[in-house]
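2 protein chains.
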Amino acid sequence: MEFQIKFDINEKIFLRNPESSELGKLMIKKSIDLIYELGFEQFTFKKLAIEINSTEASIYRYFENKHRLLLYILNWYWSYMEFLVTFKLENVTDKKERLKIIVSLLTHEFPESTSQFDYNKKLLNQIVIAESSKVYLVKEVAEINKDEVFKPYKDLCGKIAEVISEYNSDYKYPRSLSTTLIETSHHQQYFSANLPKLTDISSKANSEFTNQFIEDFLFKILD
Amino acid sequence: MEFQIKFDINEKIFLRNPESSELGKLMIKKSIDLIYELGFEQFTFKKLAIEINSTEASIYRYFENKHRLLLYILNWYWSYMEFLVTFKLENVTDKKERLKIIVSLLTHEFPESTSQFDYNKKLLNQIVIAESSKVYLVKEVAEINKDEVFKPYKDLCGKIAEVISEYNSDYKYPRSLSTTLIETSHHQQYFSANLPKLTDISSKANSEFTNQFIEDFLFKILD
DNA sequence: TTCAAATAATAGTAATACTATCATAAATAA
DNA sequence: TTATTTATGATAGTATTACTATTATTTGAA
Chain A
1 MEFQIKFDIN
11 EKIFLRNPES
21 SELGKLMIKK
31 SIDLIYELGF
41 EQFTFKKLAI
51 EINSTEASIY
61 RYFENKHRLL
71 LYILNWYWSY
81 MEFLVTFKLE
91 NVTDKKERLK
101 IIVSLLTHEF
111 PESTSQFDYN
121 KKLLNQIVIA
131 ESSKVYLVKE
141 VAEINKDEVF
151 KPYKDLCGKI
161 AEVISEYNSD
171 YKYPRSLSTT
181 LIETSHHQQY
191 FSANLPKLTD
201 ISSKANSEFT
211 NQFIEDFLFK
221 ILD
Chain B
1 MEFQIKFDIN
11 EKIFLRNPES
21 SELGKLMIKK
31 SIDLIYELGF
41 EQFTFKKLAI
51 EINSTEASIY
61 RYFENKHRLL
71 LYILNWYWSY
81 MEFLVTFKLE
91 NVTDKKERLK
101 IIVSLLTHEF
111 PESTSQFDYN
121 KKLLNQIVIA
131 ESSKVYLVKE
141 VAEINKDEVF
151 KPYKDLCGKI
161 AEVISEYNSD
171 YKYPRSLSTT
181 LIETSHHQQY
191 FSANLPKLTD
201 ISSKANSEFT
211 NQFIEDFLFK
221 ILD
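Which chain is which? The protein sequence lines are A and B, in order. Here full-length UniProt numbering is used: the first sequence runs in plain steps of one and ends on residue 223. Here full-length UniProt numbering is used: the second sequence runs in plain steps of one and ends on residue 223.
I should point out that these hints are in silico values taken from the structure, not numbers from a laboratory. Check before you lean on any hint, since a few could be wrong.
Copies of the same chain are indistinguishable here, so a pair counts whether it falls within one copy or spans any two.
As the list claims (entries may be wrong) - List of simulated lysine-lysine pairs, DSS-like, C-alpha gap at most 25 Å:
#  : residue 1 : residue 2
1  : Lys-139   : Lys-121
2  : Lys-151   : Lys-197
3  : Lys-66    : Lys-146
4  : Lys-96    : Lys-30
5  : Lys-197   : Lys-12
6  : Lys-134   : Lys-154
7  : Lys-146   : Lys-134
8  : Lys-154   : Lys-6
9  : Lys-197   : Lys-172
10 : Lys-121   : Lys-46
11 : Lys-100   : Lys-172
12 : Lys-204   : Lys-154
13 : Lys-96    : Lys-220
Working from the sequences, and respecting the hints, build out all of it.
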């Protein structure tokens, strides 16, 4: 069984919906490759245009600027993560197990994508780790937040917070703990790969290390 | 008693030491104001030059680019934090108290600076919260890390890790926990001020909220 | 077939991120 | 004291970025 998932991305993020045309879809797919390859700072619409054999002007018809494009990609990812969490928790009743599944989803890399039609989730995950904070750590955060462009992140956070509260209804900070899990899983993966002295990684793969660190700390907090 | 502290900042960060001239010092002081006011993305050497009645060319004689200038400021801050931690822990023997002092330093705003000669630590702290991740979340991280430009951050992390290990020598991840404390204190302060739905803040000031969240979580992990 | 919408092709602008040159002022060394 | 180094200012210039605008062409839907 093969299936593809679509999410309704907040219309305020784009000028024209990239899902509505082949060019738009190609734009998103290639921007994932390019942002991964160049990093967000070096990524430009000019370079993307060349990559998709189109023009800057065409890209600007879809997105106001590259910040919005990144936001689009991250919204897709956050929606996808919430879906994945829901999916993987289906029929799992053991409350501890439910949390372990979440930690595992947050800390492990995705397998290399095979489908031509799908976004490359492995790269997407790396982009989230290295670039996601750049969408909210901007001066205009209050302005852009008004358009509810962070709703998918907040929803994911809310969903995880629910599972935390199911496990321990006395715990006072389920949402803060939820964002801490998410952000820490990014940091620790990034640090253990790039600045290992900021972590306690020894030999194991950094995903596995991060998983153990987070699982350990989560249950010490909640038990 | 008034005193000023100087730190030896890694020479690889600058082309000419800004501490070595009045112009250099003014440059750093004003860049703190400007980065705070505009955010790092909108901050440019041109704008800074106007602010200090100098020229872009002059600033380029001190720093290769604005990323290096930010790195300089953050190195100063990390060194300062390590000094502060050392200072505030002096003569405190109670191990729990030592950790509480650290959490308090990490989560509370600094008072408005009065001295004309000193950097504005309140603004500096806000810059650290909103901009610090931008110095390491870049493609060239491996390159720039070779010059040991993150040493002050690693040292601060190491120092806190020691205090963690003093308190509980069995805990397996003192460094990862240390970076988690630092990064989470930034995130939670930023989120509670700007994206409160990602946290559990209710009424209290966001510094106080963050302090309680982190203290709670730290002792649940270590006890 | 006709009409509207999307895209390509092209041009242009202001700002950014630099580099280079030369004159002058200030500090220092002979 | 003069000579010389050094820092800065003044100015110019370049390539790239981040857009906006215009027109022609293609595509697809009525």
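Hints versus structure:
When the C-alpha separation of Lys-139 and Lys-121 is checked against a cutoff of 25 Å, the pair qualifies only between copies, where the shortest distance is 19 Å, while the shortest distance within a copy is 29 Å. In this assembly of identical chains, the alpha carbons of Lys-151 and Lys-197 lie at most 25 Å apart only when taken from different copies (9 Å versus 34 Å within one copy). In this assembly of identical chains, the alpha carbons of Lys-66 and Lys-146 lie at most 25 Å apart only when taken from the same copy (19 Å versus 30 Å across copies). For the identical chains of this complex, Lys-96 and Lys-30 are neighbours neither inside a copy (39 Å) nor across copies (51 Å), given an alpha-carbon limit of 25 Å.
Only between protomers do Lys-197 and Lys-12 lie at most 25 Å apart by alpha-carbon distance; the minimum there is 20 Å, versus 41 Å within a single protomer. Taking identical chains as interchangeable, the C-alpha atoms of Lys-134 and Lys-154 lie at most 25 Å apart whether they share a chain (16 Å) or sit on different chains (22 Å). In this assembly of identical chains, Lys-146 and Lys-134 lie within 25 Å of each other by CA distance both inside one copy and across copies; the values are 17 Å within and 24 Å between. Only within a single protomer do Lys-154 and Lys-6 lie at most 25 Å apart by alpha-carbon distance; the minimum there is 19 Å, versus 42 Å between protomers.
Taking the shortest alpha-carbon separations for Lys-197 and Lys-172, only the inter-copy value of 14 Å comes in at or below 25 Å, while the best intra-copy value is 32 Å. Within a single copy, Lys-121 and Lys-46 get their C-alpha atoms as close as 24 Å, which meets the 25 Å cut-off; across copies the closest is 40 Å, which misses it. Taking the closest pair of Cα atoms, Lys-100 and Lys-172 come within 25 Å of each other both inside a single copy (20 Å) and across two copies (19 Å). In this assembly of identical chains, Lys-204 and Lys-154 lie within 25 Å of each other by CA distance solely across copies; the values are 21 Å between and 32 Å within a copy.
Proximity of Lys-96 and Lys-220 under a CA criterion of 25 Å is satisfied in both settings, with 12 Å inside one chain copy and 17 Å between copies.
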